[in-house]
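Enquirer: Using the hints, put the two chains back together into the complex; each one sits in its own frame.
Each protein sequence line maps, in turn, to chains A and B. Under my numbering, the residues of the first sequence are numbered 4 to 114, in order. Under my numbering, the residues of the second sequence are numbered 72 to 186, in order.
Worth flagging that the hints you see were computed from the coordinates, not collected in a lab. Some hints could be false.
Below, simulated DSSO-like cross-link-like pairs (lysine-lysine); rule was C-alpha separation at most 27 Å, straight line [claimed, not checked]: (1) A:K39 - A:K54; (2) B:K80 - A:K39; (3) A:K73 - B:K128; (4) B:K80 - B:K154; (5) B:K128 - A:K39; (6) A:K73 - A:K59.
From chain A, some residues computed to sit far from chain B (all C-beta separations above 10 Å) [claimed, not checked]: (7) V16; (8) S55; (9) E57; (10) K62; (11) G69; (12) Q83; (13) T84; (14) D86; (15) V87; (16) T111; (17) V112; (18) K113.
Far from chain A, some chain B residues (derived; all Cβ distances over 10 Å) [said to hold, decoys possible]: (19) P79; (20) R84; (21) Q88; (22) N97; (23) S138.
Think of the CB as a built atom: it goes at the ideal place given N, C-alpha and C, for glycine as much as any other residue.
Given next are the chains, with one letter for each unit.
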Amino acid sequence: GQQVMQIPQYQHVQEGEDFTTYCNSSTTLSNIQWYKQRPGGHPVFLIQLVKSGEVKKQKRLTFQFGEAKKNSSLHITATQTTDVGTYFCAGRRTNAGKSTFGDGTTLTVKP
Amino acid sequence: DGGITQSPKYLFRKEGQNVTLSCEQNLNHDAMYWYRQDPGQGLRLIYYSQIVNDFQKGDIAEGYSVSREKKESFPLTVTSAQKNPTAFYLCASSTGQGAKGGELFFGEGSRLTVL
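Chain B on its own, in the form it takes in the complex (with noise of 0.2 Å):
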């Protein structure tokens, strides 16, 4: 079944300490994204790429870093400069073609707490 599959499902952390959330999709999608959901808002987009070994920072990117080694691998750390990480995380992927744009696939979250 083609998707995009997100690890883990729940994370919990101390302060201080470094994570990093997994996002793999086999859609063979060139774009993909990292948002951040708080409860009762909207979706915030912390970084965003729209081709393998480029990424761009997003709204919130402070506190955050990618890498885009692959075009089906975009992994998100959420560094303990992140002042508030404690939150729901969503990837997604699109074909990302053109001005038009794609619809945005996402993966279940990760949802993360710190303790």
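With the rest of the complex left out, here is chain A (with noise of 0.2 Å):
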């Protein structure tokens, strides 16, 4: 079946540093989708990529697609304490009902 990598597991920047989480489909997918979990919390949309090499920004995110359509990064510049938390992508197949969400990037960070 569909399988999501995402690496790296967990992540300790010191605030102010840059963070990248990088996500690896083993099919081709139609979209991509990623959300935020905040501890203790549900996992929020944050956006999601449909085109082949999209890259796509909300303020210090930038978020892009692979030109093959089976890998997606997210990159946080400076990051802050707010952006605590873990982050997951999540991908579709062409046609599929569902999509196959990766394991998450927990990001620490230190004030």
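Expert: Given below as structure tokens:
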């Protein structure tokens, strides 16, 4: 079945440093979504990427979808303590009724 | 306010007992999903439903059952056949339209502990 691998599993950074998490799928995707889950909370949708090579920005967050539509990344510039949480990618194949989640990257930020 | 409501938030049960987790949405979404989350792990799909009166098994359906009699409701029953039911259960919904799919809206989750 479809597999979505996400690395790293954990990332500890000093406030102000950058952070990147990577997502790789074993199959070509129709779209990929990114979610953030704060400690003790539930996942919240951040963004969806659909086009090959797509790049989207949300303030300090930059999302990329690979040319082959099999990988994606989320980059945070100059992390803040409010960025703490677990970031998940979720990939969906064409005509699939469901997405497959990666295991997430948990970010901690030291003030 | 539109959203997804899960209940109960915390639930304790004894081994051998079935328990049903409630999930209700007023977003008029066609698709609904149940995920299980274990500490330090991602979300694993238990069951999903793309339309009323229809549902499909996800990756870890064994020991679970669902129903979708109404568009707004998708209850999950954790049966005694589930070997390790202690987990955080998340319900989600989406428009589920077409190949692009849709943003998943999650409830706040139900934390089940088997004593």
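Enquirer: Let me make sure I understand: some of the numbered hints might not hold for this structure. Which ones are they, in numerical order?
Expert: none
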